[in-house]
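J.: Now for the letters of each chain:
There are 2 protein chains.
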Amino acid sequence: MSLIVVGTMAFDAIETPFGKTDRIVGGSATYVAYAASNFVKPVKQISIVGYDFPQEEMDSLKSRGVELAGVDVIKDKKSFFWSGRYHLDMNTRDTLVTDLNVLLDFDPKVPESYQESEFLMLGNLDPKLQIKVIQQMKTRPKLIVMDTMNFWMEVAMPQLEEVLKMVDVLMVNDSEARELSGQFSLVKAAKEIMKMGPKYLIIKKGEHGALLFYEDQVFFAPALPLEEVFDPTGAGDTFAGGFIGHIAKTGDISFNNMKRAIIVGSALASFCVEKFGPERLKEITQKDIDGRIQQFVDLVNFDIELVK
Amino acid sequence: MSLIVVGTMAFDAIETPFGKTDRIVGGSATYVAYAASNFVKPVKQISIVGYDFPQEEMDSLKSRGVELAGVDVIKDKKSFFWSGRYHLDMNTRDTLVTDLNVLLDFDPKVPESYQESEFLMLGNLDPKLQIKVIQQMKTRPKLIVMDTMNFWMEVAMPQLEEVLKMVDVLMVNDSEARELSGQFSLVKAAKEIMKMGPKYLIIKKGEHGALLFYEDQVFFAPALPLEEVFDPTGAGDTFAGGFIGHIAKTGDISFNNMKRAIIVGSALASFCVEKFGPERLKEITQKDIDGRIQQFVDLVNFDIELVK
Numbered sequence: 143m144s145l146i147v148v149g150t151m152a153f154d155a156i157e158t159p160f161g162k163t164d165r166i167v168g169g170s171a172t173y174v175a176y177a178a179s180n181f182v183k184p185v186k187q188i189s190i191v192g193y194d195f196p197q198e199e200m201d202s203l204k205s206r207g208v209e210l211a212g213v214d215v216i217k218d219k220k221s222f223f224w225s226g227r228y229h230l231d232m233n234t235r236d237t238l239v240t241d242l243n244v245l246l247d248f249d250p251k252v253p254e255s256y257q258e259s260e261f262l263m264l265g266n267l268d269p270k271l272q273i274k275v276i277q278q279m280k281t282r283p284k285l286i287v288m289d290t291m292n293f294w295m296e297v298a299m300p301q302l303e304e305v306l307k308m309v310d311v312l313m314v315n316d317s318e319a320r321e322l323s324g325q326f327s328l329v330k331a332a333k334e335i336m337k338m339g340p341k342y343l344i345i346k347k348g349e350h351g352a353l354l355f356y357e358d359q360v361f362f363a364p365a366l367p368l369e370e371v372f373d374p375t376g377a378g379d380t381f382a383g384g385f386i387g388h389i390a391k392t393g394d395i396s397f398n399n400m401k402r403a404i405i406v407g408s409a410l411a412s413f414c415v416e417k418f419g420p421e422r423l424k425e426i427t428q429k430d431i432d433g434r435i436q437q438f439v440d441l442v443n444f445d446i447e448l449v450k
Numbered sequence: 143m144s145l146i147v148v149g150t151m152a153f154d155a156i157e158t159p160f161g162k163t164d165r166i167v168g169g170s171a172t173y174v175a176y177a178a179s180n181f182v183k184p185v186k187q188i189s190i191v192g193y194d195f196p197q198e199e200m201d202s203l204k205s206r207g208v209e210l211a212g213v214d215v216i217k218d219k220k221s222f223f224w225s226g227r228y229h230l231d232m233n234t235r236d237t238l239v240t241d242l243n244v245l246l247d248f249d250p251k252v253p254e255s256y257q258e259s260e261f262l263m264l265g266n267l268d269p270k271l272q273i274k275v276i277q278q279m280k281t282r283p284k285l286i287v288m289d290t291m292n293f294w295m296e297v298a299m300p301q302l303e304e305v306l307k308m309v310d311v312l313m314v315n316d317s318e319a320r321e322l323s324g325q326f327s328l329v330k331a332a333k334e335i336m337k338m339g340p341k342y343l344i345i346k347k348g349e350h351g352a353l354l355f356y357e358d359q360v361f362f363a364p365a366l367p368l369e370e371v372f373d374p375t376g377a378g379d380t381f382a383g384g385f386i387g388h389i390a391k392t393g394d395i396s397f398n399n400m401k402r403a404i405i406v407g408s409a410l411a412s413f414c415v416e417k418f419g420p421e422r423l424k425e426i427t428q429k430d431i432d433g434r435i436q437q438f439v440d441l442v443n444f445d446i447e448l449v450k
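Residue numbers (the working numbering), protein chains in the order written: chain A, 143 to 450; chain B, 143 to 450.
By construction, these hints were calculated from the structure, which means they are not laboratory data.
Treat the hints loosely; a few may be bogus.
A pair counts as met if it fits within one copy or between any two copies, since identical chains are not told apart.
For lysine-lysine, the following BS3-like pairs were computed, each having C-alpha atoms within a straight-line distance of at most 30 Å [unchecked claim]: (1) Lys417 x Lys251; (2) Lys220 x Lys347; (3) Lys347 x Lys330; (4) Lys251 x Lys429; (5) Lys284 x Lys220; (6) Lys270 x Lys204; (7) Lys330 x Lys251; (8) Lys307 x Lys270.
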């Protein structure tokens, strides 16, 4: 099964209570690709980078089965750069610098070789670019998943509403779900958001896990309790990559399989936060992933028959 | 199996974003008793009230199998009174009034008829009173569970450390676990706290569920995603009551049974928040409880074999 991933490939500079990095590789599509490529090949990447994006990173992605035909390289501009500082709770952060650079020119093109892909993951981007990608697909993918953020709710709500009608699964965090719906209760928020288009809604709650809503059903996946969250940057994108990677691998878009995909995404995200940037994601093996998934089983498993 | 519950029986006045009550019945031991009496009879209550505590409430408890031989009634003093206002997120609240009244005289006595009880639930109280109760037990209960709060960490840490050495299970919320241990990570906090005495630690995270730690194992129970949390007062005590009620009913103090007990406690707590005070707890039937427990199963259940 083939998967298209659209999003940023960028540089980040990160400060956490545990340390500080200079410019390291980041970007939503980078994290999604590193996570998803554990499950499905090829991952067909659509992004834009500047002259400064490292060739070794491109090579590393290629070696994992990530196709880069859809990645524009702009010779006279720099890559998108974000810098931020996390607070002690790691759930809140201050943006220090946002240099859009090449992102100002991003006009995503779906290469001919990407057509007929069955799965489409739209990372957080200007909703009009997300729409453009969907419109270029000659055959509608079997499943379209999108991420977004509060910024677009504030500056591009009509376009966001339009793309929401075109997708199957929306992934947002709890504060974004509240802002998008105008509801504080996440259960009520989910109902409102599903009226806007997506049949499935995933609400990410960081260290408090994630909720999957579908019709009147709800599934909850915890986050793994960790001794240390070293750097949460990219954890949400890694979650998305594990989720869509599992779905694309299995080709099964049932609610039950989405539950499994959320556990896979949560497992991948729990690795991501162990080191700065996507570093840890490059090291892990299938055995590591299987072991981590087993930890999720142990974490929530109880013998219900004996309760009654 | 018999259960002793020690704690307050009191009045609360509550303001939430959804409404406001005059003085209604509350208190940790009240909530524990209403919850636990669904599973085990008798519940042997130890508390203190003033002349103003309603006879109909005493009768209601008695009719559910709650013994009141250990409840002192002070004829010339008022019952403990607390008043608070919740913020929109319902996880934070401001205390408006605390009138200790009879609580200043509380000197818990274990009646002879309570001796030989196998289970002891110590609600949040001055740790020196918690110690007094344990010391009066001629036979050490099979399981001693205690609750506490940050106030005692600030004014009575040596006594709190002493009682921690005497109990099996400590229940605290996340901020209390952090304060008690000096660790921000809950995993690290749990390790530190288990060194202080309790073999089991339950960290309550309100709407984000609860964690159970034992040796190097951890179990997570979610809170049920609710459309509305009407009044969270007493939810923690109700959780405790469901937990110890299930343990006392089954007589099984294994880690696996504690997992089930936490699900039962979470189910009971999810009812508690649906109305002001313990009102909802008085209405629910065994069928309601079974249905709610099934919702917890559905909430976290996934078919892991198919993930790999």
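J.: Take the hints in turn and mark each one as holding or not.
T.: Going through the hints against the structure:
{"no.": "1", "hint": "Lys417 x Lys251", "in the structure": "neither (33 Å within a copy, 54 Å between copies)"}
{"no.": "2", "hint": "Lys220 x Lys347", "in the structure": "neither (33 Å within a copy, 44 Å between copies)"}
{"no.": "3", "hint": "Lys347 x Lys330", "in the structure": "both (16 Å within a copy, 21 Å between copies)"}
{"no.": "4", "hint": "Lys251 x Lys429", "in the structure": "neither (36 Å within a copy, 57 Å between copies)"}
{"no.": "5", "hint": "Lys284 x Lys220", "in the structure": "neither (35 Å within a copy, 67 Å between copies)"}
{"no.": "6", "hint": "Lys270 x Lys204", "in the structure": "within (28 Å within a copy, 65 Å between copies)"}
{"no.": "7", "hint": "Lys330 x Lys251", "in the structure": "neither (37 Å within a copy, 48 Å between copies)"}
{"no.": "8", "hint": "Lys307 x Lys270", "in the structure": "within (13 Å within a copy, 61 Å between copies)"}
The structure fails hints 1, 2, 4, 5 and 7 (numbered hints given earlier, in ascending order).
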